[in-house]
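**Student:** Single-letter residue listing:
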Amino acid sequence: MVTAEPIIETTGLTRHFRIGGPLSRRFLHAVDDVDLMILPNEIVALVGESGSGKSTVARLLARTYKPTRGDIVYHGRSLSAMTSRKQRLGYAARVPMVFQDPYGSLSPVYRVSHGVMRALKLHRPELTASDREQEAERILKSVGLQPPREFLNKYPHQLSGGQRQRIGFAQALACRPELILADEPVSMLDVSVRIGVLNLMADLRRNEGISFLYITHDIASARYVADRIIVMYAGRIAESGPVEDVLANPKHPYTQLLLSAVPDPRAPISLPATSDVAEPPRVIDPGEGCRFRYRCPYAIERCSQETPLLRPLRPAHEAACHVAT
Amino acid sequence: MIATAPLLEVNDLCVDYVTEKGAVRAVDRVSLSVAPGEFLGIVGESGCGKSTLLYAIARLLGPPAEIASGSIRFRGDDMVTMGEDDLRHIRWQNYSLVMQSAMNALNPVMTIGAQLSDAILAHQRLPQRAVLARSEEVMRLVGIDPVHLKSFPHQLSGGMRQRSMIAMALVFTPELVIMDEPTSALDVVAQRSLMLQIKELQRKIGFAAIFVTHDMSLVSHFSDRLAVMYAGQVMEIGPTHTVFGEPRHPYSLGLLSSFPSIKGERLPLQGIPGTPPDLAHPPSGCRFHPRCPKVMSHCRTIEPRFHEREGVQVRCHLYADGD
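Protein chains in written order, with the working numbering: chain A, 34 to 358; chain B, 41 to 363.
Possibly wrong hints are sitting among the right ones.
Here are the simulated EDC-like cross-link-like pairs (lysine to aspartate or glutamate), alpha carbons at most 20 Å apart as the crow flies [what the hints assert, rightly or not]:
hint, chain 1, residue 1, chain 2, residue 2
1, A, Lys-99, A, Asp-68
2, A, Lys-187, B, Asp-318
3, B, Lys-303, B, Asp-255
4, B, Lys-303, A, Glu-277
5, B, Lys-303, A, Asp-68
6, B, Lys-244, B, Asp-255
7, B, Lys-334, B, Glu-305
8, B, Lys-303, A, Asp-260
9, B, Lys-239, B, Asp-255
Worth flagging that the hints you see were computed from the coordinates, not collected in a lab.
Okay, chain A solo, but in the shape it has when bound:
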């Protein structure tokens, strides 16, 4: 399976934030030692609770944050070496981001056409004015906004949340991306229109071959669209692997907890096996050891002394746990 060259690969990706004043020595470890890769034509779901560092990973990949340590390699070239404006623009066009809040991410004073046209002008200067118009219409059609000409002339306030989020994808598509970083693209949408946006991601992958990093806290929607899943806890990867295998055979105790907490209306009513303390992880200067150990029912002494590394437990399926087998 891992024969294709990855679009993006990170090694030891780490981002810390200083807490308090400039002389403070306390650091929040938002992301620690994350190794991940995304292949062409692949949807990878990055799942975790709020504060697990999943959005920080997306922002590191989008270059809005600089990594504290570690490297991001894009088609064999390190991002830190891509410093010229042209290279940065080129990368931004190939790996755009779609944001969580469709109400905050579109400027209310511009028509829909503005964002799409701007991306076309900036990233595809070879197009003539009439080409741009045709391309904008094609893009709006591909995100399911019909008739495209009418939508291009609308203002964001005339659109529903689902339509706005489709505009977000249209703006990303205008730069002819390889990989779209979608940071919780459906969490602010109404339940009945979420599936439509998830289906749009699946369609764009099928029809245009675009990869996605789908960041979400909703493990059921991750299963619905993704091929692979990466579960993060407190800034570290807890488990990763093919989505069906991870859900059928969760190895990390956190994944198991997460799966047992997902409400499933079609499942019979089950009472909880364990009462979880739901204590938030300590991410400020966490030190050595597994960060899940305070909540883990299987914690052993080693867990507080040594940080577990990801190790393969099943084909293409790894977990960072001393206890899991």
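We have chain A; now place chain B onto it with these hints.
**Tutor:** Just chain B, lined up with the frame of chain A:
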């Protein structure tokens, strides 16, 4: 169905938002009842009027919203005509409210303990020691160490903040607790543990609960009865397991099939096409007809009334035959 007299009875309640362009009816002829100790779930998408309905029941609506018609009877008293003085007597002592966002509902510059004692002293004259004792008791009840009475809201985790909101709602052991999406700001693990705790407290204390959420799967395991709202109206109401087992209204069915499952086969889902209507211009006939996969010609012109099937009330023309 329920032998005892209902604790709360809402009849044909209409709530309007008065705007410059005329009144927008956010809640349209909603009728429901809650028996003592019952857990009623209300689900619907944003803008369906579920929160407005809650605030109307709690009599917390302020302009531009107003109750246009209908009645709310709580313990036999008419809440709609009740004056502020009488309301103050029953508010918090007989019914209380848990808000959606604890971060905004709690005062950031007061400790949890000070806010609890404020709530207690506003309704009862008690010596300081009794206030403290009661505060500690309710904090223990929701599973927070009473040392956190001295904590400020920002020092607590999201789950603990929601728990302290619930503690505050329980200081007078009310008969009815109204909850407006108390878990929506929490992640799934904290959400589930809070739901279990609410259910446990309900069993222990015996209050009735109205629980509003947009997440249908969340209430599936916890509520006794379920009301599905769309565009200001109740579309389907009945025992939760019947509504889930066999959703009859096309909207309930669509809503339920909008949730991908983590078990079983991976099936392609469609959700519900289109978007919820603008309540300033609700669709004619059945309000769901523009998005309904089973729409018939008379759905566009005639508003359906409720039809009963196995104890479930459904507002849909599909069930017009046979009654």
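**Student:** Going through the numbered hints above, which ones does this structure break? Give me the numbers in ascending order.
**Tutor:** Of the numbered hints, 5, 6, 7 do not hold.
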